[in-house]
Every structure is written in C-alpha cells, then in structure tokens.
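Model the placement of chains S and H on the given structure of chain X, informed by the hints.
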Amino acid sequence: MTTPTPAVAVPAEPATGDAVPPRRGAPAPATRRRSARRSPLRAQRRAGWLLLAPALAHVAFWIAIPVVAALALSFTDYTVLRPPRWIGLDNYVEILGDEVFRQATWHTVVYTFFTVPVAMAVAVVFAVLLNQRLLGRAFYRAAMFLPHVTATVAISMVWLWMFNPQYGVLNAALSFLGLPTQVWLSDPDLALWSVILVGIWQGIGIKMLIYLAALQNLDQSLYEAASIDGASKVQQFFRITLPLLKPATFFVFVVSIIGAFQVFELIYVLTDGGPANATTMMTYEVYRSAFEDFRMGLASAQSVVLFACLLILTLLSRRLTRSHDE
Amino acid sequence: MTAATAPANAAPAPSRESLVVRRILTKLGLHIVLLFSALTMLVPFLWMVLTSVKSPTELLQFPPTFWPEEWVWDNYAKALDAAPFVTYFRNSLFISIGHTAMNVVLASMAGYALARLPIRGREVAFIFIIAMMMIPTYTKIVPQFLIVKFMPLFGGNDIFGQGGSGWLNTWWALIIPGGLTPFAIFLFRQFYLTLPSELEEAARIDGLGEVRIYAQVYTPLIKPAIATVALLTFQDSWNNFLWPLIVTTRDDLRVIQVGLAVFQQQENTQWHYLMAGTTLATVPMVLLFLVAQRYFIQGFTNTGIK
Amino acid sequence: MRNRSHRGRVGPGPLAATAAALALVLAGCGSGDGGDDGGEFSGELTLLTPIYEGSDGQRLLEEEILPAFYEQYPDLKVSVDYTTYGNLNEKLTTAVASGLVPDLMMMGVGWVEAFAANGVLANLTELGVTTESLNEVYNPAIVQGGVVDGSVYALPVMLDTRFGCVRSDILADAGYDEPPSNLEELREYARELTVRNDDGTLERAGFDMLSMDLRQMYEVFLFANGGSLFTEDLSAPAFNSPEGVEALQFLVDLIHTDRVEDIGFSSTDAEVHPLLNGRAAMGVCHNNLWVSLQEAAPELADQIQPFLITGTQPGMFFGGTLVTVSANSDKQEAALALAQHLTSAEASLLANEQRGNVPARTDLLDSDYVQSNPLVQFAMENLQYAQREGGPPQWLEIRGDFAPAVEAALLGEKSAQQALDDLAAAATEAMSR
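Same order as they appear, the protein sequences are chains X, S and H. Residue numbering for the first sequence follows the numbering used here, starting at 16 and increasing by one per position. Residue numbering for the second sequence follows the numbering used here, starting at 60 and increasing by one per position. Residue numbering for the third sequence follows the numbering used here, starting at -13 and increasing by one per position.
Be a bit skeptical, because a hint or two may be false.
Unchecked claim - Between beta-carbon pairs, the in silico distance windows are:
1. X:E239 with S:G180: 38 to 44 Å
2. S:V145 with H:D219: 53 to 59 Å
3. H:S167 with S:T146: 52 to 58 Å
4. H:A287 with S:A136: 25 to 31 Å
5. H:G72 with S:L89: 43 to 49 Å
6. X:P69 with S:L349: 29 to 35 Å
7. S:A160 with H:E26: 47 to 53 Å
8. S:P127 with H:A158: 40 to 46 Å
9. S:V102 with X:A75: 24 to 30 Å
10. S:L349 with X:L257: 25 to 31 Å
To be verified - Selected chain H positions facing chain S (in silico; Cβ < 8 Å):
11. N73
12. K77
13. E122
14. V123
15. A127
16. E257
17. V258
18. N263
19. R265
20. N274
21. V277
22. A283
Note that these hints are calculated values from the structure, not bench results. Predicted model only: the values in this text are computed from it and were never measured. Beta carbons: idealized from backbone N, C-alpha and C, even for Gly.
The shape of chain X in the complex, shown without the other chains (with noise of 0.2 Å):
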C-alpha cells in the first residue's frame, strides 16, 4: 500500500480466472445473462444524463462559478474593500518571488508525501483486521473512527496539550523511554513533522471506513477458493485483496491528496504556520491572503496555483492508471 496503484476498473468482474463462477446472480435466473438483447444505447444516454444532470448542475452552479470567479480575480488586484483592477499576471510574479509562499509549497508537499501513504497503509490494514468476526469489534472500529468525528478545532486543541513541553504525553513517554524531551510545535525542526503525527493520527479513521466499505462488495468465493489452493492469508492479502480494492484505493489516493493539499485547521489551531513560517502551508497562506491581509486576488492566485498542482497530480495518477484497464 506504499505505492498506491489506482487503478480504475472497467464496469465488470475484475478479471479472476474462471475457476470461480460469479456468484452474484441477478435477481432473474443466472442462465439468462449473456443472452441479453442490449438496451438501444441511446436510452443508456439518455438515462445517464438524466441521473447527471442534477448533479452536475449543482456543481456547475456552486463550485465551478466561484472557481471562475476565483480564476478571473486571480489577475486583479481585489482587495473587497476597492473595485478590483486587472493586473495582469503581477500576482503570479509575486507569488512566484515570495519566500514563504514557497516555503508553504514545500511543507504542502512534505505534509502530503508523510500523511497520505502511511495514513493510507495503516488504514487498509486495519479495515482488513477489523472486517472479521472479532470480540468488540464496534469498538475497535469506533476507536479508530473517532479522531474523524470530533471538529478539528477541538481535537487540535487537544492535542496542543499533548505536545506541550512541560507536562504534554508525548515528553513523559520520551522521558519514560529515557529519551531526551522536545519542544514539539515550538522547535522549528520538529514542528512540521509534529503536524504530520496529528495529520496522520485523523487521516486513518476515513481511510479506513471507506476501506471497510469497499470491502464488503469483495467477491467471498474468491478466498474460499484461494484458501483451498493453500494460500496463506497474507497472500490472500496481497493477490486477492488489494488488486479488488483497486477501484478505492483510487478513490483513497486522490481525495486524501486532494485533502492533504487543503489542510488547514490543524494548522490553524496548532501552529498559526509558526514557529517563524517552520509549517506554514498553501491553504493557509490562501487564508492569511484573503482574511487577514483582505488580498483576495493575490488569495485567488495562490488557490489557482495549488489547483494546478493537484489538477496534475490527478491526472498523472489518472493516466498511469487507465491503461491497464482499457
């Protein structure tokens, strides 16, 4: 799971030998399948674009206006409280010559590289252990859930006491282990990698649940007749388990890349990008732009920049992926 393979599947049983006859019969008799006449395609359309067109409306209408918007002032020089001027690219020059908007870059990139892949392996892992029959099992679930459900702000909060120097958790086990105390959040060199801990520590309990979804469209019949060939149940893991998880571990992979990319409260409540800019990120600079400095255009220009990044990010994984399904 360190090199996550997205891949998408094509709308059929991912291709599984024919050892094992499909097991999931349609409610009309099994027998009739390949003889089906094939709907007109253009009643598929049709129906396709029915069930998209509210959807995408909607999101035509409440996203991509406003990304639009944000495209456009992203070449003023919109303050919200003046008119906004066009300025051309003056914007992307000074992003492009700002050391702590590249500063924010890196760390983005560092912060995602760390969480995403470990947050994503353990998870996988854990909604595995915890699909089988097993003691206080909602619990464990739960428990591993529960760091998503709480508000960021709150749990952040938390977790500045845990980091703290003096008395927080973390030291009195370092101490325990007789190992030299740190300041955490205040030490420029740790503060980053402090905010990956947390940021890895939350990210686990939606990977998992929707691991654990994922899990239980898996085809039971494939490990039945995988067990009799005799194998072991980390082969079954990696042959069987996680080529069928393809499809969300794709899923997994781009939206937890897309939410490392935008992480922001933690931030926000843990460090405020300190000590000295040591784990300031894109998003939060985005903010700082448009709400605290009211510079909603060179705000607009930085968010198009983060944008692009991951609009290539996406891509790239898309393209790497398709080919081996189409």
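Chains S and H only, in chain X's frame:
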C-alpha cells in the same frame, strides 16, 4: 498479525491441538495490537472528557492532574447555558439531515451514471467532478456568498438578483449549496464500478428501465457505500461552522459549532466549558457511527443478492 | 468587485468595468427603504459585532443595553449579527463584497484605517462628531484609534491593554520590594528569579514573554524603548529604527543570554498563564488576566501586581473594540445615535464588565467595576502612556508578518536587525501598493 477477510477456514493442519493453540495465540496477539492502537486513538478524547469535568482551579495545577480530583459535572450545565444550544442543536440536525438526504440521492445518481452508463464525455465529466474538489473553501466562500445574496426572485430580489438579500438568512442557503459534494459522487462511482455487468443485462431482458436498474438493481448492492456517504456527509455538516455563520445574521439560524466558538474568546479560552461542549457535540456522531458501522458486515451485500 | 459569479449567470461583460458599475448601483440601492431627517428615527438598524457573544453577552445587549436605547427611539429596531473576533474578517469581507453592509460594524483598533480609507465607513465628523468633543471624554491617543486623516470614523467601546505583571510574593521571596523600574532592572530581576532544576530544565521563567501574541508583546517593548511602528506621517515603517532593533535584541538576549525563559515554555495557546501557577515570576500580561485569576486562583488577588515596562519611557499597548457606521447606510444618523449609545458610560461599562476589559471613557475610572479590578484600574490610570497598533491603511496586510519575524529573531534564525529589516521591506512594499 495477518489479514483475514475470509471466514475461518481449515489450513493444512498438523494436529488439532497445536492448531487450536495457534489460533488462540493469533487472536490474542491481534487483540493486543488492536487494543494498543485503539488506545492511541482514544487518549486525546479521554483527555478531552476528563478536562470537561475539571474545575478551573484544577486546570491551573502544575503538573496537571490526569484524573480529576473532583468531578465537576456542573461544567456541562454551565456550558449548555452559555449559548442557546437547544436551538443550535435543532438547526445542526436539520441541516445535517438535509445535506445527507440530498447528497445520498443526487450523488449516487451521478456516480452511477459516471460508472455504468455510456454517456459521451463521461471521462471529462468525471475529471471535472474531481477537479471541483481542488479549490480551498476560503477561495470559494466569497463567490458562493455572492451567489446566495444575488439569488434572483428570493428575499426581495428582482429577476436580476438586485434589491434584496436573496437566500441570506434562509434555510435554502444553509442546505442547498452544501447539499452535494464531489467527494460523494466520486465515492459512489467507484463503488458502482466494482459491481458485475451481468446484472444490468439480465435486468434489461426483464424489461427494466435504466433508471429502475439504477434504483432497484444496483443501488441496493452498495449499502456500505451509502452508509459511508451518509455518515461522512452528516458529520461534515454537523461540524461545519463558517458557512452557517456567514450566510445568516440571525441567531436563531446558527449551529452548534457557532455556540462552541463562544468559549474561545480572544484572550481567554474557557477550556472546561469548551471541552464539555465539544464532548456533547461529539456524542451524537459516535452513536451515528455505531449505527452506520453495522452495515459493514461481511456477507451483507451478498445475502442481499441471493 | 461586487459579484462576478452573479454576472456569470446574468450575462457576460468586461469584468472590472461592470463590477465597478455594479458597485455604484448597489451602493445607491442601499440595504432597504425609508430614510429620515434626523430627530425621530424609525426602521431597522443592523449591527455586526464580535463582542456581546454568547448567552451572557446577548442578554446584556438585548435586555439591558438596547432597551435603554429603545426608550429614546421607540420606533427603531436593532437586529444584531453576533460573531467572534475569530471570524469577524470573514463576516466583514462577505458583507463588503456583496454590498450588504450592516449599518453599524464593530471592529478592532487597526481595522478602521483600511475600511475608512476605502470608503466603507461613514465619516462621523461630517455627522458632527469632532476629535475635540471626543478628547473631552477619552484619552486623545485612544480617540486617534478611530481617526483617519483628521476625521472621526469610529468610537471606542472597550480597550484591551498589555503591560507588565509580577508575582509580588515571588519577588518578595527574592528580596525585591517593587517591580523593576527599568529594562536593566527587569533583566537583573528576571535572571535572579529564574529557576532551573538540576538537569537544567526550566521550572520557573524569570520573565515570561511567550504567553502573549509575539507581535503585541514586542510592541510593548518597542514603545517602552521609545520606538514606534511607523513614521510620524505614516509614510514608512519605523520599527526597524535603532530603538526598535534594540528592543527586539533585548528580548533575544533575555532568552539566549540571560536564559530567563526557554522557547516552548509557554505559548499563546497555553491554557493557564504561567504567572497564575507560579511558573513565571514576571511577564507581559493582558488586563483580563484578572478574569482568569478570579475564576481559577482568587487567593492570588493580592499577589499579581501590574507595572509599566519602562525603557526610555513607559510602554503600554492598547487595542480595542470600536463601533463604526457604514458609508452605505441610509440611516447614518440613527446609526450614529446607536453608536453613541453603545459608547455611553452606562452601556460601555456593562460591556467592559462582562469581558473584564478596560473602559475607554475616562469618566469610568471611578466606577465600582474599575475600582474592583486592579489590572483594569492600573490600565486606566496609565492610559496616557498607551500606544496602539496601526496607522497606515495597509496595517492589516503588515501585521500578520510580525509574529513570524519576531519569532525568527527569538529562535536565532535571523539577527534582530535582519528580521526587522526584512519585515520593513515587506511593509514598504505593501504600503506602496
């Protein structure tokens, strides 16, 4: 510690007893790992709950106490008095239910279309949906506010959206804009993708329309995904704060997180009340999770089909 | 710009031009109908406020302060939009962007310049409020917090002040009868009062400077050392003057040379001020430390003693909450009447009492509330030394960069000179935009 998704099964067994011993040891080890992980996840909450029943005097102590010397349950009563939480709770509940219902219906429709129906431009539409997750809230919020404010023919606005306040201070603004997330569309698409296509072919032979195939054949098969989307949507809007604050000016339309912000004044945070309030706000979400997680049971979907 | 998304639906058009036109149209439309010619007012006034939040504040405003206003103006109704300082900017931003600006807005010291300079706020001097009349009620330095280019745009309701505090019991134990009277004494006392255990772990900071926002903490020392944030005519930054650099260097030395506090020992997020649990002997504090004290450690009431951090002059910092009237409002005179009511002696006393803040009005010094709160009383008695933040309209763009700059110096990443020079360069650039 190994993964075990399949029901218990027979390995090439050496002897019956050593097998039993091994299984017990494996289970034990599994529980130790799980218990340790669960505790790691729970410690912050434990701290939150314990803090919520400490007195300000006790919070002052150094080094701080872990276990409260005196359990000040009164903090909860006082926290609830600090803001009109009954109203806030009701509002949060309405908004969360509205968002959840809308999202499950609209996003599953869209996800199904993107996954299973051969519409032209499907890939473009799909990338478009993903791309719409990529702009931070803080960039969208002002334009979204303006759309709400200039909503034509509402709140005294004319057809061009001028003259009134649009959807501001209405339930429309609280529910409609946040009622559909690209996240949910994407998630549903991925789940519909994993289902076999034999089903639709058979259903078509039986003369089912495409929309009924979506609603009656495929959707019942992805109950875990529905539970996931419902849970996450509910919880996101439960914890949402900024949007309800911005599009309303009346206190009777505000939500629970706005109430919690009262405890964090600029120079003085009332930790005991904040933690009491947050604990209370978290309890419904934990209950909701415990209900939703029942849908994640091995074989649930399979029995649904057979 | 008013609304590009809106235009996106209505029809295309050159972006900036239509937006500006739209802005004018909307400004003309205002937020409602009706109007008044002074005297008797009627209709609804809208008020956006980051204070009076929570049930207590709301009760105070709606059951005590506003009813008194209605007695005078029975035909007016005030509709209140409560927020907190944490989200005030988001509320202000969306309000101004949409043209739906509340008739009255309460905001902090340092906000007024930007909003006034861009025509968002009504010029109260044109409505008859003069600096001279205000100077009779308030300290002139405080009046200036609401004055831009010689005109009044905001009236002060309450002040937040920051100054030095000591634990007199801890000082007495070390043989000091009085708080330090100058910076050298401060350094000497702080060194003496610092306690470390055998392995060097700090147990008590001699002087705590990390529990407060670093910008505001630094400003106290900047003012005490005779420096100022900007030049007299507000045209250029002045905090990187020799006085400013020296003030920052003093703080850097306190940490690195004198080691009276360690980085990470306390922070703005600390749930307890270290003075209250004896983890610090002295420090920079905010007047509402008294509120925390009353709640958590009333037995310390006689032990917390305020003092003026004094270099070449006594330094005290004030921020605060002011009330403004929107330039868009079609009921400016009624709004002004409400603003004056909110800043009246009775109403502002109640508001300050609820939050433990410092009343801006000089005549409230003798009130029971001020007399019963030593920190507030101290602040009021020394308001002549208080200086504020802000000045140029771009202050809001500059102030966010302060804390990282001060922090960089305290961490030793940059020299005091370098940190302030870099900050000044950024400020100069902002001011030239």
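We went through each hint and held it up to the structure:
Under the hint 38 to 44 Å, the C-beta atoms of X:E239 and S:G180, about 41 Å apart, fit the expected range. Checking the proposed 53 to 59 Å range against S:V145 and H:D219 shows it holds: the Cβ atoms sit about 55 Å from each other. Restraint check, H:S167 to S:T146: a C-beta distance of roughly 54 Å satisfies the suggested window 52 to 58 Å. Restraint check, H:A287 to S:A136: a C-beta distance of roughly 27 Å satisfies the suggested window 25 to 31 Å.
Against the hinted window of 43 to 49 Å, the Cβ-Cβ separation of H:G72 and S:L89 comes to about 44 Å, which satisfies the hint. Between X:P69 and S:L349 the CB atoms are about 32 Å apart, so this pair conforms to the stated range of 29 to 35 Å. Evaluation of the 47 to 53 Å hint for S:A160 and H:E26 yields a pass: the beta carbon distance comes to about 49 Å. Restraint check, S:P127 to H:A158: a C-beta distance of roughly 33 Å breaks the suggested window 40 to 46 Å.
Checked against the hint of 24 to 30 Å, the C-beta distance between S:V102 and X:A75 comes to roughly 44 Å, which is inconsistent with it. Separation of S:L349 from X:L257 is about 28 Å and conforms to the stated range, judged on CB atoms against 25 to 31 Å. Given the 8 Å rule on beta carbons, the hint for H:N73 holds: about 6 Å separates it from the nearest Cβ of chain S. Taken as an interface hint, H:K77 checks out: its beta carbon lies about 6 Å from the nearest beta carbon of chain S, inside 8 Å.
Violation of the interface hint for H:E122 is found here, the shortest Cβ-Cβ separation to chain S being roughly 29 Å, above the 8 Å cut-off. Of the supplied interface hints, the one on H:V123 is violated, with its beta-carbon coming no nearer than about 25 Å to a beta-carbon of chain S, more than 8 Å. Taking 8 Å as the C-beta contact cut-off toward chain S, the hint placing H:A127 at the interface is violated, the least distance being around 21 Å. The interface hint given for H:E257 is met, as the beta carbon of that residue sits about 5 Å from the closest beta carbon of chain S, less than 8 Å.
Below 8 Å, beta-carbon pairs count as interface contacts, and H:V258 has one with chain S at about 5 Å; its hint therefore holds. A distance limit of 8 Å between C-beta atoms decides the matter here; for H:N263 the minimum to chain S is near 5 Å, and the interface restraint holds. Taking 8 Å as the C-beta contact cut-off toward chain S, the hint placing H:R265 at the interface holds, the least distance being around 6 Å. At its closest, the beta carbon of H:N274 sits 5 Å from a beta carbon of chain S; the interface hint therefore holds under the 8 Å criterion.
With its C-beta approaching chain S no nearer than about 6 Å, H:V277 sits inside the 8 Å limit, and its interface hint holds. Because the closest C-beta pair between H:A283 and chain S is about 6 Å apart, less than 8 Å, the hint holds.
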